[in-house]
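Undergrad: What follows is each chain in one-letter form.
Number of protein chains: 2
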Amino acid sequence: MAHSGDHKIKRLKHLNEALETGALAQVRRILNNGLQSADVAHLLESSPPKERKLLWDLIDEENEGEVLQYLSDDIQAWILTSMSAQEVANVMADLETDDVVDLLQNLPNTLTQEVLTSMDTQDRHRVESVLSYDEDSAGGLMNTDTITVRPDITLEVVLRYLRRHRSLPDMTDNLLVVSRRDEFIGILPINKLLVSDPDSTVREVMITDDVIVIRADLPETEVAKLFERHDLISAPVVDAHGRLVGRITIDDVVDVIREEADHSLMSMAGLDEDEDTFAPALRTSKSRAVWLGINLLTAFLASAVIGMFQGTIEQIVALAVLMPIVASMGGVAGSQTLTLVIRAQALGHIDKSNASWLLNRELIVGLINGLLWAAVIAVVTLFWFHDGRIALIIGCAIIINLLAAALSGAMLPMVLKRFGIDPALAGSVVLTTITDVVGFLSFLGLATAFYR
Amino acid sequence: MAHSGDHKIKRLKHLNEALETGALAQVRRILNNGLQSADVAHLLESSPPKERKLLWDLIDEENEGEVLQYLSDDIQAWILTSMSAQEVANVMADLETDDVVDLLQNLPNTLTQEVLTSMDTQDRHRVESVLSYDEDSAGGLMNTDTITVRPDITLEVVLRYLRRHRSLPDMTDNLLVVSRRDEFIGILPINKLLVSDPDSTVREVMITDDVIVIRADLPETEVAKLFERHDLISAPVVDAHGRLVGRITIDDVVDVIREEADHSLMSMAGLDEDEDTFAPALRTSKSRAVWLGINLLTAFLASAVIGMFQGTIEQIVALAVLMPIVASMGGVAGSQTLTLVIRAQALGHIDKSNASWLLNRELIVGLINGLLWAAVIAVVTLFWFHDGRIALIIGCAIIINLLAAALSGAMLPMVLKRFGIDPALAGSVVLTTITDVVGFLSFLGLATAFYR
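So the protein lines, in turn, are chains A and B. Just add 266 to the spot in the first sequence (first one is 1) and you have the numbering used here. Just add 266 to the spot in the second sequence (first one is 1) and you have the numbering used here.
Please keep in mind that the hints were generated in silico from the structure rather than gathered at the bench. You may find that some hints are simply not true.
[Claimed, not checked] Capping the alpha-carbon separation at 30 angstroms, the derived lysine-lysine pairs in DSSO-like fashion look like this:
(1) K552/B x K316/A
(2) K618/A x K683/A
(3) K458/B x K618/A
(4) K552/B x K319/B
(5) K618/A x K316/B
(6) K458/B x K552/B
(7) K458/A x K458/B
(8) K683/B x K316/A
(9) K319/A x K552/A
(10) K552/A x K319/B
(11) K316/B x K552/B
(12) K552/A x K458/A
(13) K618/B x K319/A
(14) K618/B x K683/B
(15) K552/A x K316/A
(16) K319/B x K618/A
(17) K683/B x K683/A
[To be verified] If you only want the chain B side, here are some residues facing chain A, beta carbon under 7 angstroms, derived:
(18) Q352
(19) A355
(20) D517
(21) D540
(22) T543
(23) V583
(24) A715
[Unchecked claim] Just so you have them, the derived chain B footprint on chain A, three or more residues with Cβ under 8 angstroms:
(25) 534-543
(26) 655-667
The beta carbon of each residue, even a glycine, is placed where N, CA and C say it ideally should be.
Required output: the full structure, derived from the provided sequences and hints.
TA: Okay, structure coming up:
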């Protein structure tokens with residue numbers, strides 16, 4: 267019994283000591299017998315590259331598959347590409363279909379073909395049927411380990427059938443009732459099976475109303491919403507003809523939810539949600555450089571705007587001192603609106619009927635906060651530079667930029683989404699460009715007009 | 267049967283049409299009979315305040331509780347505070363203990379007491395036992411609807427007992443085996459109960475090894491990690507003496523995961539993760555103003571730094587044109603590191619043993635990208651202003667600022683966490699302050715030194 271992981275922490279402490287003293291035999295024992303696969307995977311994910319390689323080599327071959335399925339995509343790919351097709355096939359022999367498919371999707375295509383041919387026929391057919399669906403659809407997420415029953419048999423027969431099987435797939439909360447042609451009819455909850463009269467037929471006990479049935483081509487984010495909204499443990503997946511092709515379980519949906527949420531957070535900093543925390547320096551530098559380069563272009567654009575007003579700045583150097591304030595306040599206000607709208611999109615809160623209300627609300631908020639902070643900044647400026655005109659100018663620029671920030675923060679995610687561009691990724695760059703340009707342009711432009 | 271929500275979309279369309287034409291009787295019918303509670307809640311969350319009030323008033327009293335539990339905290343509070351204690355108690359009568367507790371936690375304390383006294387004794391005791399734990403702990407998350415069995419009875423007896431009950435609580439995948447003194451001993455999976463010989467005793471079939479047992483004082487984020495890592499549907503909760511006090515189910519854990527992930531995203535923009543997308547303008551303005559004010563302080567700090575170098579800028583106005591580039595590149599690089607480290611903290615990837623490796627890696631990445639982009643920016647500057655010295659100075663400033671960004675992006679979350687400050691909330695403000703100040707200071711400082 268593992269009390270809230272107390273034992274596990276002790277075992278991990280032993281492991282760390284063993285690693286430091288180089289007692290590899292002991293490390294091997296702890297890795298393969300002392301810890302569960304999920305914990306070994308977590309340990310690998312928390313290790314820098316050298317330690318990670320060392321630990322992986324100490325894991326017994328029969329445990330490799332179990333550990334692999336808990337690793338993130340980046341690290342799976344790193345391990346799998348160093349294996350031969352036969353080794354990969356061996357590792358996958360004990361895994362469930364959906365986990366095998368997840369692993370295969372991280373392999374180069376040629377290797378996938380090799381692995382498939384070295385599998386036994388039944389397994390290969392199962393894997394190929396899941397592989398035929400889009401990776402990000404219900405079909406790509408599903409498992410083929412359904413237990414199906416016909417509507418006309420009695421519960422007694424079902425119970426006897428289950429006893430002969432001796433074990434049920436994980437997360438089996440419902441048996442699935444299908445017709446002779448495999449068309450999905452309804453569900454028979456295990457809990458109902460337990461408490462009902464064994465002489466009743468499946469048809470009498472099964473549930474057909476308000477059962478959530480998932481089409482194989484439904485995007486996985488929609489699947490996650492259905493699971494969250496209806497508190498599901500598993501749900502049947504059907505093809506376009508209503509035939510049962512598999513089922514989706516909550517453990518895989520939790521991964522989708524985690525990835526989706528991570529995606530927004532990481533994308534806004536130009537990072538990939540699968541990013542390995544302990545990737546080597548060179549690989550990390552490369553992936554980050556692209557984002558820095560894109561941001562440099564927008565920074566040069568802002569500089570070009572400032573460059574247009576060099577003459578004015580030379581006359582009144584206070585403008586150079588104050589201009590970052592205008593840009594920064596616009597950027598912060600805009601990112602608040604942007605983040606809220608991106609989250610609302612992810613939760614499915616926004617549609618045609620309420621988008622204009624939201625835009626309107628954001629503009630009012632922009633105006634209120636614009637007036638408030640324009641006043642504060644103008645007063646500070648007045649005391650700092652003893653120049654009423656600059657105070658007035660910066661106040662106006664703040665109001666203009668906060669309105670621009672509200673407008674672009676609210677519109678950008680909707681516009682980008684319509685063009686099929688990920689708002690979480692592109693939104694923050696475009697937004698900063700707008701608030702920088704509008705900020706510098708309004709402040710320096712107004713100053714040039716006033717002082718000419 | 268609801269095929270991927272096809273019917274639901276049709277019903278929602280009808281609802282929208284009915285709302286527009288003002289056919290309130292029809293809206294009432296759809297709300298109370300056509301849609302599931304979770305969908306009604308989603309509709310309320312996606313509606314601006316006026317429509318939301320209108321819709322809520324059309325929901326029948328007996329459905330209010332069901333709908334309430336699916337709403338986010340902000341909106342629950344808004345609805346509950348407009349009710350009397352007796353109305354609240356009525357609404358809660360049909361809900362499960364954990365949902366009642368969730369609702370109560372959103373009420374003012376005096377109202378909570380009133381509601382408790384108007385409940386029946388058994389319900390009140392259950393609710394009070396859960397309320398006694400911290401809201402963010404396993405105890406606050408758990409439900410008290412456990413089904414317990416003794417180890418010495420046969421499965422036949424268990425099955426007969428369950429049949430008498432006719433229904434099991436939602437998400438019951440295990441019966442919980444306890445001693446005479448309610449101490450937790452092990453689990454009896456429903457699926458094992460189904461496939462095992464009815465004459466065996468519970469003791470023979472139950473599982474005691476590697477069972478995840480959760481202490482009531484474990485923080486809910488740790489509970490979520492255990493559920494994710496071990497693919498749990500439910501887990502028993504015990505008190506400090508090992509006595510069973512309740513169980514936690516995956517549906518509540520999914521909410522924790524969603525909230526936790528939302529928290530990082532929203533906090534980085536100074537927003538609350540419970541923020542109502544359609545809150546009225548005035549309330550929204552107030553909550554955003556605080557964040558803008560904090561950012562204004564840091565912007566003034568950056569301006570003060572620029573102000574120190576007014577003399578130099580007057581001489582060479584190109585500095586004013588170029589200085590935002592130095593600050594912006596530092597801010598972007600820093601936020602990449604910051605986001606990665608905050609995510610890694612949330613995933614439990616970082617501890618003493620690997621923190622220095624990570625800091626080191628980030629510094630190397632900062633150096634590599636610093637050298638790369640310093641060269642690019644220096645070349646562009648040379649062609650733009652035909653001044654080798656400025657090109658050299660901005661190159662050096664970029665390298666300095668990207669190293670400062672790496673250092674602070676990696677250290678800040680760890681330092682803030684040690685002081686009990688939320689890195690997702692405070693991290694980005696402090697980081698921007700550092701990269702702005704270091705950026706302006708190094709660029710303008712070097713320029714002043716070179717040109718003096």
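Undergrad: Given a cut of 7 angstroms on the nearest C-beta pair, is the interface hint for D517/B held or broken against chain A?
TA: At 4 angstroms from the nearest chain A Cβ, D517/B passes the 7 angstroms test, so the hint holds.
Undergrad: Is K458/A within 30 angstroms of K458/B, Cα to Cα?
TA: 15 angstroms, holds
Undergrad: For the pair we were handed, K552/B and K319/B, check the Cα-Cα distance against 30 angstroms.
TA: 22 angstroms, holds
Undergrad: Is it true that the CA of K618/A sits at most 30 angstroms from the CA of K683/A?
TA: Since the Cα atoms of K618/A and K683/A sit roughly 13 angstroms apart, the hinted pair holds (cutoff 30 angstroms).
Undergrad: K458/B and K552/B: Cα distance at most 30 angstroms?
TA: 56 angstroms, violated
Undergrad: Quick check: do three or more residues in the segment 534-543 of chain A have a beta carbon closer than 8 angstroms to a beta carbon of chain B?
TA: Coverage by chain B holds here, the residue count being 6 at a Cβ distance below 8 angstroms.
Undergrad: For the pair we were handed, K552/A and K319/B, check the Cα-Cα distance against 30 angstroms.
TA: 52 angstroms, violated
Undergrad: Does the interface hint hold: is V583/B within less than 7 angstroms of chain A, judged Cβ to Cβ?
TA: 5 angstroms, holds
Undergrad: Under 8 angstroms between beta-carbons, do enough residues of the segment 655-667 of chain A, three at least, approach chain B for the coverage claim to hold?
TA: Answer violated; 0 residues pass the 8 angstroms Cβ test.
Undergrad: Does K316/A lie within 30 angstroms of K552/A when you go C-alpha to C-alpha?
TA: 20 angstroms, holds
Undergrad: Does K618/A lie within 30 angstroms of K319/B when you go C-alpha to C-alpha?
TA: Distance ~20 angstroms between K319/B and K618/A Cα, so the pair holds.
Undergrad: Hinted pair, alpha-carbon criterion (30 angstroms max): K618/B, K319/A. Please report holds or violated.
TA: 20 angstroms, holds
Of the hints listed earlier, those the structure fails to meet are numbers 1, 3, 6, 10, 12, 17, 18, 19, 21, 24 and 26, in rising order.
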